[in-house]
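Model the full assembly from the supplied sequences, consistent with the hints where possible.
In case it helps, the numbering used here puts the sequence shown at residues 176 to 423.
Think of the hints as simulated: they come from the structure by calculation, not from any bench.
In silico SDA-like cross-links for lysine to any residue, where the CA-CA straight-line distance does not exceed 25 Å:
#1 Lys301 with Ala334
#2 Lys263 with Ala393
#3 Lys324 with Ala299
#4 Lys263 with Asp350
#5 Lys301 with Asp341
#6 Lys301 with Arg336
#7 Lys324 with Gly210
#8 Lys263 with Ala416
#9 Lys301 with Tyr348
#10 Lys301 with Gly349
#11 Lys263 with Asp205
#12 Lys263 with His184
#13 Lys263 with Gln200
#14 Lys263 with Leu201
#15 Lys263 with Trp215
#16 Lys263 with Ala362
#17 Lys301 with Ala321
#18 Lys263 with Gln189
Simulated restraints on C-beta separations:
#19 Pro391 with Asp262: 19 to 29 Å
#20 Gly284 with Asp304: 24 to 34 Å
#21 Pro351 with Pro283: 17 to 27 Å
#22 Val397 with Glu286: 22 to 32 Å
Don't be surprised by glycine CBs; every beta carbon is placed ideally from N, CA and C.
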Amino acid sequence: MMIHCSLAHSGAWQGVALRLQRQAQLLAFDQPGHGGSGPWHGDQVFQEQAMEMALGLIAMWDDAPVHLVGHSFGGTVALRMAAEYPDKVLSVALYEPVFFTAGFRAFPGLEAEHDALMAGYDSAWKAGDAEGAARAFLDVWGDGRAWEKLPEVQRADFARRIAVIDAIRETNYGDPGGLLQEGRLAALPMPVLLMEGARSPVLATRINDALAALLPRARRQVFEGAGHMGPITHAPAVAEALRDFIGI
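Encoded structure:
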């Protein structure tokens with residue numbers, strides 16, 4: 176099961192899926208407010224609604240345990256699922272999960288670096304400038320293309336959905352699931368793969384550093400030339416890493 180990043184949709188996994196479809200049954204879904212899914216319910220934690228969707232699909236999919244793959248925010252969903260429903264998860268592979276809380280606690284200076292990188296997004300969002308917020312956000316977490324190089328329809332879509340970034344703040348910058356309680360992640364029974372791009376923001380690397388310290392049996396893989404959107408821009412390499420990790 177593949178869980179996409181925020182502001183994307185299940186099709187973001189197409190490049191990876193095309194390279195794995197002969198070896199495995201694959202399932203990706205649109206998170207709340209993304210792709211063809213309905214809107215996020217504001218009275219529910221976004222991450223928890225995404226987990227409910229994933230668990231419902233697993234139940235429909237013979238209710239057998241699955242290999243979870245998550246990218247960015249989707250990685251935080253996958254990690255929490257592994258901690259709360261270990262009987263449903265055979266393994267978990269995470270590409271740059273944006274669990275900032277873990278990074279901030281492990282590296283005291285990281286929050287200041289984060290705030291500097293995200294200052295443009297924060298100021299635009301607080302000013303009610305959706306397009307400016309989307310542009311600034313993608314300057315940090317996008318695929319490297321300049322805003323002006325994106326198709327107009329894509330720019331409009333990013334601006335329309337940028338409120339999702341504020342909606343996931345509670346879990347990106349908090350820990351409502353208690354994952355950072357002492358020994359919680361170390362006790363995970365399944366294999367874990369932490370992936371990152373060599374050209375990604377330092378925030379992503381430090382989060383993986385922090386998680387690696389909490390997951391002593393986790394494997395780590397860095398993709399040369401890749402950034403935060405590696406599952407899209409470097410799909411062949413990511414697919415090969417998953418094939419090796421899962422053993423298919």
